[in-house]
Amino acid sequence: MRMGRLIILTGPSCAGKSPLKRCVARLHPEIYHRLSHVVLYNSRTPRPGEVDGKDYHFRERAEIEGCRGRQGFIVMDVRGDLQALDVNGLLPQLEAGDVLYEGNPVVAHEMLTNETLKEMPSVGIYLSPLSGEEMRFVHQTEGVDPRRFVTDVSRRKLLRRTRRQKGELSLKDLEEVERRAGAAYDELKLAVHFEHVLVNHDGEDSDNWNAFYFPVGEARRALLDFVAILVGDGEGCGEQWRTGDWS
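In this note's numbering, the protein residues as written are 1078 to 1324.
It should be emphasised that the hints constitute simulated quantities derived from the structure, not laboratory data.
These figures come from a predicted structure and were not determined experimentally.
The beta carbon of each residue, even a glycine, is placed where N, CA and C say it ideally should be.
Just so you know, not all the hints are guaranteed correct.
To be verified - Now the in silico label distances, taken between C-beta atoms and shown as ranges: (1) 1251 <-> 1193: 19 to 27 Å; (2) 1122 <-> 1309: 21 to 29 Å; (3) 1216 <-> 1166: 35 to 43 Å; (4) 1309 <-> 1103: 15 to 23 Å; (5) 1197 <-> 1108: 33 to 41 Å.
What the hints assert, rightly or not - When the alpha-carbon atoms are kept at most 25 Å apart in a straight line, the in silico PhoX-like pairs for lysine-lysine are as follows: (6) 1266 <-> 1131; (7) 1098 <-> 1266; (8) 1243 <-> 1098; (9) 1195 <-> 1243; (10) 1249 <-> 1195; (11) 1098 <-> 1195.
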């Protein structure tokens, strides 16, 4: 029996993964509804609009910690949150068809390299807030600290998104923004492991996703490329990053 593909969509926080997935669901429902979805266990509290059992299985940290060492579970510390993947639960989904994971690069990289999953058909898509050329520029320009630069790019996106969601921000909100922004540089370095790097400056903070009926700008380009990959016509979509590209 032909196995489905594990389709992995990842990128730093606020890169635009969630609005990209929503655009596929709204504009290409015939493609989206053929997919099943990976649902991880997560120790954090739900964001506005998130649904337990659909976006994540939201559980107490101690409960997820208890999955460490259990056969078939992968437990990961992700930006301070504890997350777990039930590998045994994923295999029957793949037997039924294509399965989409949308989320953190640490989890995505683990899926690509896990001994049980790496033999499964998969395609890795990395949604990047910066192009390969921009990353080379900041690494090769004197006086620019690449880690601080990427952190600042991410911080600005996250602040705009969080203000839209919550209005006035608490100290806890600002600490969460800083934690996610601070992880962005190391997460971007993982992009070399993914088949397609889709450059998208229109993060979740951008109006280009939903100000009009169709996404515009780079949000539209990301949508077109992602849909092409979903239907198996992704050759040439996006960039390909290689280890050493930034040196």
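Status of the hints after comparison with the structure:
1. 1251 <-> 1193: 19 to 27 Å: Cβ of residue 1251 to Cβ of residue 1193: about 39 Å, so the range 19 to 27 Å is violated.
2. 1122 <-> 1309: 21 to 29 Å: violated (38 Å)
3. 1216 <-> 1166: 35 to 43 Å: This hint holds: roughly 40 Å between Cβ atoms.
4. 1309 <-> 1103: 15 to 23 Å: Hint holds: Cβ distance 21 Å, inside 15 to 23 Å.
5. 1197 <-> 1108: 33 to 41 Å: Given a distance of about 20 Å, which is not inside 33 to 41 Å, the answer is violated.
6. 1266 <-> 1131: Violated, at about 29 Å.
7. 1098 <-> 1266: Given pair residue 1098, residue 1266 holds - Cα atoms ~23 Å apart, limit 25 Å.
8. 1243 <-> 1098: Holds, because 22 Å separates the two Cα atoms, which is no more than 25 Å.
9. 1195 <-> 1243: It is violated: about 39 Å lies between the C-alpha atoms, which goes past 25 Å.
10. 1249 <-> 1195: violated (37 Å)
11. 1098 <-> 1195: holds (24 Å)
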